[in-house]
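Residue numbers (this note's numbering), protein chains in the order written: chain A, 249 to 816; chain B, 49 to 242.
What the hints contain is simulated information worked out from the structure, not anything from laboratory work. Take every hint as true, because none was put in to throw you off.
Derived DSBU-like pairs: lysine-lysine, alpha-carbon spacing no greater than 30 Å straight-line:
(1) A:Lys414 / A:Lys479
(2) A:Lys688 / A:Lys594
(3) B:Lys186 / A:Lys625
(4) A:Lys414 / B:Lys93
(5) A:Lys414 / B:Lys106
(6) A:Lys688 / A:Lys618
(7) A:Lys608 / A:Lys618
(8) A:Lys479 / A:Lys665
(9) A:Lys665 / A:Lys625
(10) A:Lys624 / A:Lys479
(11) A:Lys618 / A:Lys689
(12) A:Lys665 / B:Lys105
(13) A:Lys688 / A:Lys625
(14) A:Lys688 / A:Lys706
(15) A:Lys665 / B:Lys186
(16) B:Lys106 / A:Lys665
(17) A:Lys479 / B:Lys105
(18) B:Lys186 / A:Lys801
(19) A:Lys706 / A:Lys689
(20) A:Lys689 / A:Lys594
(21) A:Lys706 / A:Lys618
(22) B:Lys105 / A:Lys624
(23) A:Lys688 / B:Lys186
(24) A:Lys692 / A:Lys801
(25) B:Lys220 / B:Lys106
(26) B:Lys105 / B:Lys186
(27) B:Lys106 / A:Lys479
(28) B:Lys105 / A:Lys414
(29) B:Lys93 / B:Lys105
(30) A:Lys625 / A:Lys692
(31) A:Lys707 / A:Lys689
(32) B:Lys186 / A:Lys624
(33) A:Lys689 / B:Lys186
(34) A:Lys311 / A:Lys646
Model, not experiment: these values are computed from the prediction.
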Amino acid sequence: MIKRSLFVAAALLASTASVQAYTPVTDARLANPEPHNWLMTRGNYQGWSYSPLDQINVRNVKKLVPVWTFATGKRSGHQSPPIVNDGYMFITQPDNQVIALDARTGEEIWRFQGQGPEEFSALHNTNRGVSLYDDKVYVAMLYGDLVALEAKTGKVAWKTTVANWKVGEYMTMAPLTVKGKIVVGISGGEFGVRGFIAAYDAKTGQQVWKTYTIPAPGEPGSETWRGDDWKRGGASAWMTGNYDVETNTIYWGTGNASPWFGDQRPGDNLYTASTLALDGDTGKIKGHFQYHWNDSWDWDEMNAPMLVDYNYRGRNVRGLIKVSRNGYLYWLERLQNGAIGFVDAKPYVYQDVFASIDPKTGRPTYHPDKVPGTGKKASFCPSLWGGKDWPFEAYNPKLGMIYIPANDNHCGFLEGKVQEYVAGKWWTGVDIPDIGFTVKKDAKSFGEIQAWDIGAGKKTWTVLYPNSMNWGSILTTAGGLVFNGGTQDRMFRAYDARTGEQLWQIKTSSGIIAPPASYMIDGVQYIAVQAGWGVDPQFQQGLLANLIPGWPKATTEGGVLWVFALQE
Amino acid sequence: MGEHERERQVCGCGLARREVVLGAAALGATIPVVAAAADNERRPKAGDRLVHSMGPKKGQPLRVEDLPLGGPGVLAFPMDPSGLVLDGSRFNEVVAVRLDPASLGEETRKGAAEGVVVYSSICSHEACPVNMWNDYEKMLVCSCHGSMFDPREKAAVVFGPAPRRLAQLPVKVESGVLVVTGPFDGRIGAVRAA
Ligand code: FES
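Construct the entire structure; sequences and hints are all you get.
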């Protein structure tokens, strides 16, 4: 078969929709997004996944109905929220696809199909959405290109190669727009990469800065590595960061250390499993917080913490709230110089690795028998997927509560070996068939939604899913609601944000692992979410089906965007 | 599967070259020049021999006795009669497993020799390397999402998201070395737009 074009090629389909004027996206709009739009992945720079709209609320949510749906034509895991700007909606799919829709009618405006190298192999064939700036839409290609598209037409404005897929680097996150720059980070923690975050000029695609998440010899933090271990030390940067406009600080998370077994790379291994505070203009590292040193559990801490100001134990804190994969919930502080201070940490799921946490620094100590090593098998809870993987928690500022899509009652065991490094190939120190995954024998539930009162430091309610994990990002609204999919039964549900009472649900086309978003057009509030099961939830489901009699083996694949509004 | 069976990185340089093919053809360049450049990317055919693709024996002929009876498998590339290893495309890498000949299905046996079966190591799901081994079930395992393939039955999918079996590469044994007797009996790689 002859391939006509091997790298990016845009396939633009003629539009039948009436294309309306496009409102340029500015720094000011991104800093204060209008309630009727959803301009970035988590709704605002603070990462709240919160909509200030309240037309749909606890009293009327029972009348929520689908108003239109849209088949994406793709299988695999759909993980992008609809990004909405004054009537334009942008959604992304696996296989490097972007679609622009009329957010009111569902008419397709344009479609972009990126094309990667034929021999590219995808560990996570997914995409987590676009970012916006001025009159353009930015999307990261799985195989490593960053592409700028004209928002009105989908035409390629520029493209540049960020990641080298031949050494296992790839991209799945939504970019972050910061003052005319498009900031991205790479995936590849299972392939022995050295992570980095990089910023590109939104107009030209020229690189403005690039910051490695692992210091080179001589740089601060390099003393936490032995010899050449840092070169393949991991700390990928595979989720979008959050941004503090006031201090021009980007908070970006880093992944697991590589290979997975700490004894193969002695030291704390900065900045793996950390949050980095970066200067927005230069990418310079201003501060960091490492959740667990010398990671040996594949516990990425890739999600940036939410920027939340709170009063805790009588003190007002310019804070960060981090729901960690390691099973702990962290209260942190944004200090003026960019440093990250520790306030408190509490387990939110069963965690049996930490023996203690230093109350001043947040540094944990470990039970040695819970640390897997080379030729040393150890079990630990939660499993490598953590108390929460990448799905977004949400913060409701009206209630001072956060909502966590958690998974409990699952554990793992690992035994490491030394694997020959082959560029671009799985290099974790353990083969897939030897990754141990277990569930608690008498477990009554697995997936959860937990609501926590941040100021009080207490869990206030919990929803338990007896027959599923929860892989769904949460949306909370000023209407006092919490929306969540994430279960393998294809349901999408609404809860009372105060009490956790379930108020509404609908069976959709596939499992929902994409973040929901909300927007308003012509006085009508919409809730929109893509259904499309795949990637890690699907893999984990297969393992669970082997462990638990009667567990459904598979959830049907195939992407569909669902858009809901109140029945007239 | 142990570290000695892991494959080495194959450059994808063929992609760039094929871009040149079209450009060159448009300019009226002769095809043979291009064909020569792509020699190490062509798919295996009868007469090629298999060589280890990684580990201490990398580049050396793959001999039946290199394969533990009952698995795990060993990764290999074809080598043409001139001694050129066909590693210009990662889609040429294969996994060889030695099994009890009596355990092989009838169709599988046609392409096997002395119990050795050889399959494409490129998964039909997302094109990841099938370079791991489940020793309890004696199955080939993909390194991305754990799809399992039965080496006794044409590498049929027995678990996981892979939609299709792996292509078999028929072989014979000559002086203890594995020699290809024909092309892959199916397509290589994942089906996707991008
Ligand atoms: S690529 Fe092989 S199972 Fe997904």
